[in-house]
Amino acid sequence: MPGKTDKILEQVEQSRVWRSIFRSGRGTSTLHRALAIQQNVFLHLFSTKVRKRMLSVSSTWYLGTLTLGTFMILIITGVLLMLYYHPSVPQAYADMKDLQFVVSSGLFLRNLHRWSAQAMVFLVFAHMFKVFYRGAYRAPREFNWVIGVVLLLITLLLSYTGYLLPWDQLAYWAITVGSNLSKAVPLVGSKIHFLMLGGNQVNANALLRFYVLHCLILPLAALLFIAVHFWRIRKDGGLYVHQSEPKRAGAVDESTLVKEAK
Amino acid sequence: MSDPKDFVAGVDSDQRRSPQRVVFVTRRTSAQVKANYEEQVQTYPEVLFRVVLAIEILAIVLVGMALLFNAPLEGIADPTHTPNPAKAPWYFLGLQELLHYFPPVVAGVLVPTMLIVSLVIIPYFNINIEAAGLFLHHRRRRLQIFYVTAIGLLVFLVAFHVYVAAVPSLIVAIAMIVAANSSPQSKSASCRYLSKKPMAWWVMTWFLFELIVLTAVGTFFRGPGWSWVLPWRS
Chain A
98 MPGKTDKILE QVEQSRVWRS IFRSGRGTST LHRALAIQQN VFLHLFSTKV
148 RKRMLSVSST WYLGTLTLGT FMILIITGVL LMLYYHPSVP QAYADMKDLQ
198 FVVSSGLFLR NLHRWSAQAM VFLVFAHMFK VFYRGAYRAP REFNWVIGVV
248 LLLITLLLSY TGYLLPWDQL AYWAITVGSN LSKAVPLVGS KIHFLMLGGN
298 QVNANALLRF YVLHCLILPL AALLFIAVHF WRIRKDGGLY VHQSEPKRAG
348 AVDESTLVKE AK
Chain B
-9 MSDPKDFVAG VDSDQRRSPQ RVVFVTRRTS AQVKANYEEQ VQTYPEVLFR
41 VVLAIEILAI VLVGMALLFN APLEGIADPT HTPNPAKAPW YFLGLQELLH
91 YFPPVVAGVL VPTMLIVSLV IIPYFNINIE AAGLFLHHRR RRLQIFYVTA
141 IGLLVFLVAF HVYVAAVPSL IVAIAMIVAA NSSPQSKSAS CRYLSKKPMA
191 WWVMTWFLFE LIVLTAVGTF FRGPGWSWVL PWRS
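Line order of the protein sequences matches chains A and B.
For the first sequence, the tail end lands on 359 under this note's numbering, and the numbers increase by one without skipping.
For the second sequence, the tail end lands on 224 under this note's numbering, and the numbers increase by one without skipping.
Since the hints were made in silico from the structure, they are not lab data.
Note that the Cβ used here is the ideal one computed from N, Cα and C, for glycine as well.
Careful, some of the hints might be misleading.
Here are the computed lysine to aspartate or glutamate pairs in the EDC-like style, where the Cα-Cα straight-line distance is at most 16 Å [claimed, not checked]:
no., chain 1, residue 1, chain 2, residue 2
1, A, LYS194, B, GLU64
2, A, LYS149, B, ASP68
3, A, LYS146, B, GLU36
4, A, LYS149, B, GLU36
5, B, LYS77, B, GLU64
6, A, LYS146, B, GLU29
Covered stretches of chain B (in silico footprint by chain A; criterion: 3 or more residues with CB under 8 Å from a CB of chain A, positions within the stretch not fixed) [what the hints assert, rightly or not]:
no., stretch
7, 31 to 43
8, 47 to 58
9, 104 to 114
The shape of chain A in the complex, shown without the other chains (with noise of 0.2 Å):
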């Protein structure tokens, strides 16, 4: 009875409990579609409009939109996960391999993470070079392009540091290999080093400290860094046109206010 239901939907967006929450309330029109937009604290990152062209899919290949999706599934993934993780020598291979054989669909969930993460640090480079190629980083948008560099580090220390998790022979040699860089730096190098893995050698430690990086404190710098980088395109004008793009039917040029001026 479809009737019924939108009588009870109505009653209920219209409750005084629904509006407290969601103040703009009912309606289908340009306003109230805004205010779905502007007054959630998520979307009201984007912009209420956005130009027509921006959606097709030549624009952006929505590079930037699939990266947010691989983290998203990121997120379920890695919390799902760790339920079942423990941080620890030998337990952490062991939770592999419980993964692997005991746990339902753990081989699913462990897949499902570890492509997606290999989906992510690709779509990000791929994101980086498109917005290159379009000319999308020069002014106003300068700080935007460099949030992104930033979130381009983030996603590599997030891949770097899962990589250790499994503790098996791939993850500690890709790790010793990794970390053994650091000692090349000068002065500090064997300080960093020691700093990173909280040892001499990849051990317990270091797989305790990059669980906690990888876990805690890089996602976390990560949705901050995504927020900053959604607000950033609103408040730099939207996303960027380039001039080579077509014009739709209907675009009035600045320039004929000018020739009208004279």
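Go by the hints and put chain B onto chain A.
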């Protein structure tokens, strides 16, 4: 007020968009077109719908991958047994490839730092803000600088036996020579395309090319002792 007024004034006629909009253009300056009126759509629901759709398609693809392919899991970590070769995650294999030729302080510290710094400063250098082709102005001087840089880089790479990085550099250099000998009026479409590319485009394309080649070589073509192997032979 005997002075002639120093500007012309105009009024925007589009009442629906902006009720009253006045423009003053001072003499001896040209009005810059900074923005065009554009057709816009509401973020809710038009953009949000597409965003959700894109993420759902992505999720379906990734779930499909997770069902079909298993994440690798080797034996438990063993500090006494070093695999040969010990490889970093794939996105660092370009750096690991460089590590094979240069000391760690160069490949592991200097190169990444320079990369990050140059990425950060990209938007703050207003070189070629109008994005004119590299060789379309000051052709002679720019060609000289290009030849000195390109030959210097290639000699350096070959001297250190970094053929893996020298080959992409050579290909980009050849493309740049083609661009220098083309103009926007050239017959071939690809020549016209290349001739219009600014310096920033060339640098980034070179970087992207090197990144792909070095990463691919490190991932697929390196075996025990970082020796050259063919992936289909192993």
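Now the hints, each set against the structure:
| no. | hint | in the structure |
| --- | --- | --- |
| 1 | LYS194/A <-> GLU64/B | holds, 10 Å |
| 2 | LYS149/A <-> ASP68/B | violated, 56 Å |
| 3 | LYS146/A <-> GLU36/B | holds, 9 Å |
| 4 | LYS149/A <-> GLU36/B | holds, 10 Å |
| 5 | LYS77/B <-> GLU64/B | holds, 13 Å |
| 6 | LYS146/A <-> GLU29/B | holds, 10 Å |
| 7 | 31 to 43 | holds (count 10) |
| 8 | 47 to 58 | holds (count 7) |
| 9 | 104 to 114 | holds (count 6) |
Hint 2 from the list above is the single one not met by this structure.
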